[in-house]
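Chemist: Could you put the whole structure together from the sequences, leaning on the hints where they help?
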Amino acid sequence: MKYIEPHAHMVSRTTDDYQAMAMAGCEIICEPAFWAGFDRSSPQGFYDYYRQLTEYEPARAQKFGIKHYCWLCINPKEAEDAGFAREVMAIIPEFMDCPTVLGIGEIGLNKNTVSELAIFEEHVAIAQKYDTPILIHTPHLEDKLKGTKLIIDALKNAQIDPSRIIIDHVEEHTAGLVLDEGFWAGMTLYPESKCTPGRAIDILENFGMENIWMNSACDWGISDPLAVAKCAVEMKKRQHSTEIVQKIIYDNPVKFLSQSKNFTA
Amino acid sequence: MPSKKDILDLYFMDSRYKLIDIAAFLDRMDRHEGEPDFRHHGFQKALEAMLQPGNKPRAQAVLEALSDHSEKPIPKATIQGAFGACRD
Ligand SMILES: [Zn+2]
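Residue numbers (my numbering), protein chains in the order written: chain P, 13 to 277; chain H, 10 to 97.
Hints were generated in silico from the structure; no laboratory data involved. Just so you know, not all the hints are guaranteed correct.
[To be verified] Where chain H lies over chain P, by a calculated footprint (3+ residues, C-beta under 8 Å):
1. 149-162
2. 181-194
3. 208-220
[Unchecked claim] With a straight-line Cα cutoff of 25 Å, these simulated SDA-like cross-link-like pairs (lysine to any residue) come out:
4. H:Lys14 - P:Thr125
5. P:Lys161 - H:Phe47
6. H:Lys85 - P:Thr125
7. P:Lys249 - H:Leu17
8. P:Lys14 - P:Ala36
9. P:Lys242 - P:Asn223
10. H:Lys85 - P:Ser127
11. H:Lys14 - P:Ile256
12. H:Lys27 - P:Lys14
13. H:Lys14 - P:Pro209
14. P:Lys161 - H:Met38
15. P:Lys161 - P:Glu133
16. H:Lys81 - P:Lys249
17. H:Lys85 - P:Lys273
18. H:Lys65 - P:His152
19. P:Lys242 - H:Arg25
20. P:Lys242 - H:Ile83
21. H:Lys85 - P:Ala71
22. P:Lys273 - P:Pro209
23. H:Lys85 - P:Glu133
24. P:Lys75 - P:Leu129
25. H:Lys14 - P:Phe50
26. P:Lys248 - H:Leu17
27. H:Lys85 - P:Gly49
28. H:Lys81 - P:Val245
Here a beta-carbon is modelled for each residue, glycine too, at the ideal position from N, C-alpha and C.
Modeler: In structure tokens, the structure reads:
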């Protein structure tokens, strides 16, 4: 069954993972810029990372017939030093015309600090300037509920069209907050800290099949690049029709991503 | 839509396994030396929320019991990670 992996950090994955994803039916991978697992020491480190996202990974994916797109930003974990974050953000415009850049992401909050929020708002302004969609990371664990509320308030203040924004990593306590305000919601199938397939399907059944997608967010941690394909199998076990499964794992991502001028399915 | 029996067929064994693991974790905490920290209290609160969720779905009640309910951004991050429960 064809599917889109709308949130994966392939720079941290092996070529075997690309092969396995292709064999599972993955046709498109979208890769948000994120934290490397350690803080980069210079803006130049980000310059190289953006080249990796816009040049190297699309070529690596291409070998398996997978289209690779990316989102650019400095992630919230490295936004605590606002001066450093602004130096990195100054590089982003140089890459905004690359043919596989979808927009700004994954921006958001990590520990819900004053500095993270300021840098988040400045990223939103870049997206508004370039008229791109936005992909938003919500904080982990105990910080998620508060961070999601702060993010929604900041977006309302920026008077930005919610239908062009996906707020990712929703769980049972945040999905309603996000969807009720007209944003898209992303569910992440990640061991220990996020959703299991069973819970993700519960969220679909409780909140509906519109404006929502699921992703693996596979990265350098223990995570599963095939999580979306496995959840699609679980949806069938839960007696969801092939059409509904296809809507969640392919049609919905296409609908949201098509708001980016560079995206073609 | 699947029936209750279908859901049991799909998830009973897995949930049984996870439930026993939680019971064993609580026994392990009782058996070992030292003082627990805020995570243990958070876990107890979450268990109560699961059993008495009020008008909320249980999963939401558990997640909320484990969440920071303050509303203002904090001045500065002291760590990058998270603990899974909120300090009281
Ligand atoms: Zn991510």
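Chemist: Which numbered hints turn out to be false for this structure?
Modeler: 4, 12, 14, 16, 17, 20, 21, 22, 24, 25, 28
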